[in-house]
Each structure stands twice: as C-alpha cells, then as structure tokens.
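The lines below spell out each chain.
2 protein chains.
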Amino acid sequence: MSKLLNPKRTVAELKELRALTGDDNGAQRVAFTPMWVKTRAWLRKKLEALPVEIHTDAAGNLWSTLRGESEKSLLIGGHMDSVPNGGWLDGCLNVMAGVEILRRISAQYSGKPPVTVRLVDWADEEGARFGKSLFGSSACSGNLDMDEARGLKDKDGIRLPDALNEVGINFDRVKDSGKELKNAAAYLELHIEQGPVLLDLDLPLGAVLGTFGVERHAITFHGQAAHSGSTPMNRRKDAFLAAAKMSPFIYSLAEQHGGVCTIGSCTTKPGIVTSVVEECRITLDQRHLDKAKLERLYWDARDASEQFAEDANAEVSWERLWQIAPRPFNDDLIALCDESIRETCGKSHRLPSGPLHDAAEVARAGVPTVMMFVQSLHGLSHNKIEDTKEEHLELCVTAFDKLAEKAMTWMKSR
Amino acid sequence: MSKLLNPKRTVAELKELRALTGDDNGAQRVAFTPMWVKTRAWLRKKLEALPVEIHTDAAGNLWSTLRGESEKSLLIGGHMDSVPNGGWLDGCLNVMAGVEILRRISAQYSGKPPVTVRLVDWADEEGARFGKSLFGSSACSGNLDMDEARGLKDKDGIRLPDALNEVGINFDRVKDSGKELKNAAAYLELHIEQGPVLLDLDLPLGAVLGTFGVERHAITFHGQAAHSGSTPMNRRKDAFLAAAKMSPFIYSLAEQHGGVCTIGSCTTKPGIVTSVVEECRITLDQRHLDKAKLERLYWDARDASEQFAEDANAEVSWERLWQIAPRPFNDDLIALCDESIRETCGKSHRLPSGPLHDAAEVARAGVPTVMMFVQSLHGLSHNKIEDTKEEHLELCVTAFDKLAEKAMTWMKSR
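As given, the protein sequences belong to chains A and Z, one line each in that order. First residue of the first sequence? That's 63 in the numbering used here, and the numbers climb one at a time after it. First residue of the second sequence? That's 63 in the numbering used here, and the numbers climb one at a time after it.
Looking at chain A on its own, in the form it has when it is part of the complex:
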C-alpha cells in the first residue's frame, strides 16, 4: 500500500496550489469568487487523471466518485475555499490528501475497490463572504435554514442567491444535494488542528472525538449615560462595569465545567471618554462536547449576569446569536482513527474539535463520521502564518490513508 501512496506528492500539490491562489497575505480562495472557480478548475484537472466520475451537486459541492463493487460509499471530504488572507492548509489539505488516497485505492484495486469511494469538496465551508459557515454541507445534510440564507448579503450588498447564480447554482434547489448521502456508510475528514493541543503534547496526529456544541449569545447591559466629571461614583449605572465584573466569572465557569468560553467583542455606547457607559454589549461563545455541561455553562453565566447587572444598578438582556448541539463522532471510527495514528507514528491522542467542520453536518445527517487532526504550528489558523511541519503533513496523509482502508473493511462488515 505504501508504495502506491505518495504523501510527498500531496505536499508538492499543496505548494503548487499556494503559488496559484495565494499572495503575500495568504490564501485567497474565498468561495464563489473567480479565484475559487480557478481553484476548482485546477482540482478538476488533477481528478480527471483518475477513473472517477466528477460532478457538481445542487449546492455546488464537487463530487468525484470511484465506483466500487458495492454501492456503499466511503466519503472523504474537505473544502478548497479559504477565508481572505487565510492559511495554505486549512481545508485543502483534506481534499488533496483525499485525491492521493483515491489514487492509491484506484491503483491498488485496479479501478474497482470493494466499496465505492467518493471525495467531496464542500462549497463555502468558511462562510467568509456571507457570514454563514458550512453552506454546502448544511445544504447537503438538510439543515440549511433557507429563509436565513436567502437574506444573506456580502459587504457589497450582493445577495447569496445572486452570488450562487453567478457560479451556476440555483439557490432554491440547493437541498437537492441531500441525495448525495444516499449510500454513505462512513465519512472521514482530515484537518489541521487550528489549536495548540497537539503542539503542546508534541504529537503529530490526533483522533477527533466530535465537534463542540456551541452556545453563542450577545449580552447587553443597560445602564445610564452620565457625565464622567459630574457624576459621583455612587450615583452611577455603569453598563461597562457590570460586563467587566462578569467576564472573569464567565471564564471561571470553563475551569469548573470544562469546555471553553470566549468573550470575543465588547462595544460601548455612547462610547466616549467623557461619559459613563450606558450600553455595553459583549458577545459570548461557549463550547463543550457534552450537552449537559454546555447547558450548565450557559445557565450559570445567565444567572450570574442578573446579579452582576444588579450590583451595577444596570439591567441585562440576552440574545441568542447561534446554537448548535455537540456532535460526537462514531466510536468505531474513532477507534480506527486512533489505531491508524498509532501504526503511523507510535502515539495518538483523542481530543474534541473546537471549531466546526463539514464533518459535523455529515454526522448530523446520520453518517458515521470521524476526523483526524494534524498538529498546527503556532496553534494558529485563519492566518497566513498557519503552518504544519512537512514531516507531519506526510505522516497525516499516510495515517489518513490507513484510516480509509480500515474504514472500507469496517463498512463491509456492517
């Protein structure tokens, strides 16, 4: 098997892609833009060298199907789109490793593997342009909120349906993409970690337990604007003070219950140096792999906010911005992923995924799913300095290929 797989080629192809679609500020493969169309054309050329059927589905996802003896399908997924000024690996590592695995399976089984193997390049995973991630995979899983999506606009005021039309996608039909999952028996996704956990442990690879559930809220404290010079301290209704006092408490909840909590933005009104803050709005993002603990994170924060508001003579209101349930991956596939990693580099580690991935949507649609993470240098992503050691890139292609083979065997036995 190892002679048919060439992980160095994957690294070379990723560099070729970087030269074609990046600039000094990073990757520029924003979905539904000309650069993304160019990226897809480049990918298609690679795929056309293989005995695969290629088509774009109703949501713009690009599928390459290597027909096998059984219609049962092993899906391997990723996304070629990037955020603006993005990293060179985020999403496309997954796809290009998939291309290499298709080559290996096709060669090994003379074009006819025991099960059908399909590579999917999901459309607009990042949501960079319209502010809504997982577009293609959520259309495919059937969970895309059509009314919400119809109203999305980019910064130039262009509506999502119009942008889709430009690239030949009929918005009203995007959920027809769901039929692609008909025979799906397993879904695998490789990704850079985008965090520092494997780096801290000095491990190249990890098996992903699932994606965190997310509670995302805007919390607004309402006080009273008052002159900063003439208003005694004991007469103030200071919205910022309430928010400031609550913040360390919110972080302490993550120590208590696990998971992560982030206050990502804070805005103040009137927001001038000479006035007590009348309105302070913070955004809170809470994540946990355990549904019950996620609920605790949320309710503990919510209950405490009332007290912090009262202490500052202010009031508080909460607005849910977004919510998603934790999406635990398939136990069998997690075990196979672990095994593949150990066979490749001796030691594995199981970790949750903080960021969402298309895999969460596929799992949500009921397809047994697992992800593999490869270490990120600096623990950073969505940034031109995002990087992974070349030896780790090669290891991940090898381990991910082992996982694909094990998954095929596992699928047959089910």
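Hints are supplied without guarantee of correctness; some may be wrong.
Unchecked claim - Within a straight-line C-alpha distance of at most 27 Å, the following computed DSSO-like cross-link-like pairs (lysine-lysine) qualify:
id, chain 1, residue 1, chain 2, residue 2
1, Z, Lys194, A, Lys331
2, Z, Lys194, A, Lys217
3, Z, Lys446, A, Lys331
4, A, Lys244, A, Lys468
5, Z, Lys331, A, Lys194
6, Z, Lys353, A, Lys215
7, Z, Lys215, A, Lys331
8, A, Lys241, A, Lys134
9, Z, Lys241, Z, Lys174
10, A, Lys217, Z, Lys217
Derived by calculation from the structure, the hints in this document are not laboratory data.
Given the coordinates of chain A, work out where chain Z should sit on it, guided by the hints.
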C-alpha cells in the same frame, strides 16, 4: 436692587431662545454654524438695548462692556453654543443671567458703575464640532495649542481654521484675544450643575470650589488572537480579560482616594465572536480637585495595569490623551458666593466641578474666579431632557446678581 432685577425675564428669554434655536431633539447651537450665528444676532439685539460697547474679539468671543468709574473689570461669562441635541440651559443660562445683571447694574448706577462690568459669550466652549472644548477661552487665556488646533477637522473634513474663516475669524490671530483680560479683576460664571449632587442634597444652589484636574488616557492591552473553539483556556493571551479584571480595581481607587474614574469606551480587535481578543483599548478619565491625589489615582491605575496584563499573559501600553491640572477657585470669591447663596435661599453647599468650564481657563490666566451652580433635574446634561425647576432658575439669577455686587465691592478694596 431686587426691584431692578427681573429673574422671570431671564427665564422668558431662555424660553424664547429655545423656541428659536432648538427642535424636538434639543438645542442646536453648535459653534460656528449658521444656527450659532443666528443665536449671536439674537443676543446682540438684547445687548444693544443697553449702554454697552459690543465687539467680537480675535477668537470670536463676544464682549459687552459697561464702562465704570474704574478700569478694573468684573467679568461675567458663559457660552451660547451647545452640543448637537443639547440642553436648553447649558451655557446660555450663564449669558442670559449676565444680561439681566448688566441691566440691573446699568439701571442702578445710571450707566456708570464703580467698576467696569463686562459680559463675555465665549466661542465654542463645547468643542462639539472639532472635538476640542474651551476654544475661545483657551485662546484668550493663551493656552490654546495652536499646532493641535490647526490640524482639527470636523466629521466632514472641514478644518477648524477654514470654519473660523467662514465666520470672520483669522485663526493665526486668535491669541490676540488675550488682551481682553488686561484689567480683569474677577470672573464669575453661573452654570447648571450637570450632575446630581445638589439634587441629592435637595439644594437649589452651590458654590464651586474649582474644576477637577483630569488625567485622560487610552489603555491598550495586547494579547493574541486565537480561535474561540480550538484554544484551551490556559493557552490564551486574552486582552479583554485583562481589561475586564482591571476595571473594578480602577473604580475602587476612587473610593480610596476620592475623585471620580470613568472607563468610557472599550473596543476590541479583531472583535469577532469566534476569536479571543487580541487588542483591547479602553479609555480612562480620572478627575480630582487635589493635584497629589489625582497623581495617585493615575499612578495606582498604571502600576496595577502591569499586573493585570501579566496575569492574562498580555502586555499593556498607556497613551495620554489629555491632561489638565486641578483649577481651584479664589477663596474670597468662594466665600462671597456662599454668602450670596445663603442670603438668597438659606443654605449653601460647596462642591467641585467635574466638567470643565471656561472659568477654568480664566482662572488659569490668573484672574480670581468663582462659579455658582444651580441644581440640574435628573442630574443630567448634554441632553434634551436637561432641565432645572423655574423657581431655581429665578433663585440662581438673584443669587448670582448678589455675588456680582459683592464682587464689585471686593474688587474695589483690593
């Protein structure tokens, strides 16, 4: 004396002014705009009925001089300009009370009082358009920073010198206005309190001890942006957390040393819900009447910020936005102000002024100065709901007139 003074007329004139220059959102007398020019024309008409010499000085301040037996001058000041959507009393109460006092003195002394009495309507006290308050009075006191002022632009990009030129003021000569203070022996200013102190004490009037010194800084915490889902809590460099933790401490300093501290704005970068805050900038405004205690407020906050930054694995930098020394008023005049108030309504209270006033600039130029405050309803200002009971408006005109008479006597004896 009381028969010659008509405080009800002052209230009527203030209402007339409100009808002329206000709308549903409040007063609209922003300096150097057509509405301000209209306001000045209205004021001039009132003044022309008196035996006063009227002229506009090099900085656009409008002076009305009632020549007396001595060249020693008693100055009474205020400002007709307002913030946009401002209150109906802020600044113009002072001027209109001064007009009424000129009428009384002129009538009582048959146009020739023992000392010269001058009313000044300072230009652009609020600084609403160019972001720099006390323009006219700081030009007159000689403390206007010419280089800074030359570079000021309004939101439409119009430069201050050009806006001044529109209303006939030559920017390069504004400090010639300083000669107006040549014979000044006392400066009196009446103002609404713009705070809740007199309201809380249920007192109509108070004698002002001086204006707070101000330390105004931007404090920026520098952390590291990181994905809100993939970054474990112990790996974060959270700039917002550092700022949040420091804020209650800063407020506690005011409890310890007196004075007031305000964090008026907070901005976060990248400021998105899915990222740890990399940069958090807050503005801090600290005020105290005592120079040494103001320094303590500042240095205690600065020292502590280093520790809060370190606790969050962040760094901190300070930038001074503005600074002004406390400006204590003249002890004799404070005593006379107190006396005038007690004679008018039985009980007085001494309090510092949190907001700055033109009086601070005049005191800074070495002219013995005092201010009188009248109670603000709601303790609010710079707002259409700013208000003062009519009976208190009448009382303040009466008490302020008494103070003017006492000041004239005091000046003669010096």
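Hint numbers the structure violates, sorted upward?
The structure breaks hints 2 and 6; every other hint is satisfied.
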